[in-house]
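Visitor: Take a look at the letters that make up each chain.
There are 4 protein chains.
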Amino acid sequence: MLPNAYGQAISLESARKAAAAALAEAARNHWTMAVAVVDPNGTLIYYEKMDNTQLGSANVAVAKARSAALFKRPTKAFQDALAGGGAGLRVMALEGAVPVEGGLPLLADGKIVGAIGLSGDTSEHDGQCAQAGASTIK
Amino acid sequence: MLPNAYGQAISLESARKAAAAALAEAARNHWTMAVAVVDPNGTLIYYEKMDNTQLGSANVAVAKARSAALFKRPTKAFQDALAGGGAGLRVMALEGAVPVEGGLPLLADGKIVGAIGLSGDTSEHDGQCAQAGASTIK
Amino acid sequence: MLPNAYGQAISLESARKAAAAALAEAARNHWTMAVAVVDPNGTLIYYEKMDNTQLGSANVAVAKARSAALFKRPTKAFQDALAGGGAGLRVMALEGAVPVEGGLPLLADGKIVGAIGLSGDTSEHDGQCAQAGASTIK
Amino acid sequence: MLPNAYGQAISLESARKAAAAALAEAARNHWTMAVAVVDPNGTLIYYEKMDNTQLGSANVAVAKARSAALFKRPTKAFQDALAGGGAGLRVMALEGAVPVEGGLPLLADGKIVGAIGLSGDTSEHDGQCAQAGASTIK
Chain A
3 MLPNAYGQAI
13 SLESARKAAA
23 AALAEAARNH
33 WTMAVAVVDP
43 NGTLIYYEKM
53 DNTQLGSANV
63 AVAKARSAAL
73 FKRPTKAFQD
83 ALAGGGAGLR
93 VMALEGAVPV
103 EGGLPLLADG
113 KIVGAIGLSG
123 DTSEHDGQCA
133 QAGASTIK
Chain B
3 MLPNAYGQAI
13 SLESARKAAA
23 AALAEAARNH
33 WTMAVAVVDP
43 NGTLIYYEKM
53 DNTQLGSANV
63 AVAKARSAAL
73 FKRPTKAFQD
83 ALAGGGAGLR
93 VMALEGAVPV
103 EGGLPLLADG
113 KIVGAIGLSG
123 DTSEHDGQCA
133 QAGASTIK
Chain C
3 MLPNAYGQAI
13 SLESARKAAA
23 AALAEAARNH
33 WTMAVAVVDP
43 NGTLIYYEKM
53 DNTQLGSANV
63 AVAKARSAAL
73 FKRPTKAFQD
83 ALAGGGAGLR
93 VMALEGAVPV
103 EGGLPLLADG
113 KIVGAIGLSG
123 DTSEHDGQCA
133 QAGASTIK
Chain D
3 MLPNAYGQAI
13 SLESARKAAA
23 AALAEAARNH
33 WTMAVAVVDP
43 NGTLIYYEKM
53 DNTQLGSANV
63 AVAKARSAAL
73 FKRPTKAFQD
83 ALAGGGAGLR
93 VMALEGAVPV
103 EGGLPLLADG
113 KIVGAIGLSG
123 DTSEHDGQCA
133 QAGASTIK
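Protein chains in written order, with the numbering used here: chain A, 3 to 140; chain B, 3 to 140; chain C, 3 to 140; chain D, 3 to 140.
Calculated from the structure, these hints are not laboratory results.
Quick caveat, the model's predicted, so the values are computed rather than measured.
Honestly, I wouldn't trust all of these hints.
Any copy will do: because identical chains look the same in the list, a pair fits if it lies in one copy or spans two.
[As the list claims (entries may be wrong)] Restricting the straight-line Cα-Cα distance to at most 27 Å, the calculated cross-link-like pairs of lysine-lysine (BS3-like) are:
id : residue 1 : residue 2
1  : 113       : 74
2  : 113       : 140
3  : 74        : 140
Next comes chain A alone, as it looks inside the complex:
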């Protein structure tokens, strides 16, 4: 879990920029994806879905973003806990937690201002595009 405090929600303009960078990374690799940007409470600020993306990714992209905002950590952290087995399986029963790579908190001036979630290809690729989006926020 990130120790960072929550800040004011990211602006629509910044959310749009992060999403554009994430989908540009997807397009460069010929992947089709949905991207969602949420505020610290998980409320949707921006979303778009590339044509022909698997339709289940519409909800999954939003869920990944929410998980990253609500639990102040990349969804990959929950995926790793799950992969470890044993008590780590509990993350599957944690309301709002998504243990699948592709969701990242967004930080500006050291505060968590929202999160981004990607879904559409392998979770590693989803994570790569989420990173491209997150790195546009400073």
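With chain A held as given, fit chains B, C and D onto it using these hints.
Guide: Structure of chains B, C and D alone, referenced to chain A:
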């Protein structure tokens, strides 16, 4: 209910254009809104929320768009049925129906290719902006 | 709808003060109530329920507070729309809206920093106690 | 499962004391948490969330308390069953059960009078604070 058949889902590019026109109409009037564009099944294609929009509009914009797509009619039609009272009250119990102006089917070449939903100001204003968005699709 | 922007979420300390003032007003009148204070997105910050309060008020208090935060207006505004009949009935079908007096936005320095919801007695009495709570925030 | 009978719901005053002790333990360790106290049926009696707690903990704290009350056992018992694998995985499909440490039944005079749930840090730390809260009830 529109007699029109469903067509292929609207493209992301067209969805983005419709949303931009809808929010431009909102901005011109100093209203803050969320806009959602969905495919014929109600799956989210595009969404954005202006800064400081009332947060409840995040879900309401999507719900209005879904209602318009799933029931092939403007949400205003359900609102009018509701306002008429009597058996018209039944629309409140219809799963997925939203009897609040601001959701419109999107038609291209006579086929329903999706729907747009706006929320954030009075429902009349929401409807005015939805119309501005819908009129970009031919 | 209030034209005010959203601000940072009210602190736990301020939430506790608002709730205490609301329940003090209830106790003074020998009413039993539940009180909830939420952030601008409707996430619960503080809550308490007086002994012997009707148990249904546990959820209703939270729902009233959420409605006031998410729609930037007192729940009484939705109640009045509903009472007017006709198209006003639509507020019953608006996701997250509660058309029952007793929920109020909380304003600090002109920004909406959360909301308070009361439930347990008549809705007029609930509203009176909500007002006592809201007036502690400046 | 505890063999104890259910008693009358814990009073608001006792719930507040238990929550205060739990959060004092959290503060002493520089952890941020949400705490919930529920009655034997899982109805919320008292709740507070420290500033900057991860927002997903708002719902999780309540869910842990409910699980402990409804199933007469610490949520750690379900977590251990889950960690054991095999048939133990079934706890993930048990409605209302939360297999994550941090929820404890509250006992007074040998009767279950409610439960407390903590969320915000590691589940071990959540459990440590829940214990500090539970030990205030005799």
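Visitor: With identical chains, the pair residue 74 and residue 140 could be close in the same copy or across copies; at 27 Å between alpha carbons, which is it: within, between, both, or neither?
Guide: within (17 Å within a copy, 30 Å between copies)
Visitor: For residue 113 vs residue 74, is the C-alpha pair at or below 27 Å within one copy, between two copies, both, or neither?
Guide: both (10 Å within a copy, 25 Å between copies)
Visitor: Please sort residue 113 with residue 140 into within, between, both or neither, judging by C-alpha distance up to 27 Å.
Guide: both (10 Å within a copy, 25 Å between copies)
This entry satisfies every hint, going by the numbered hints stated previously.
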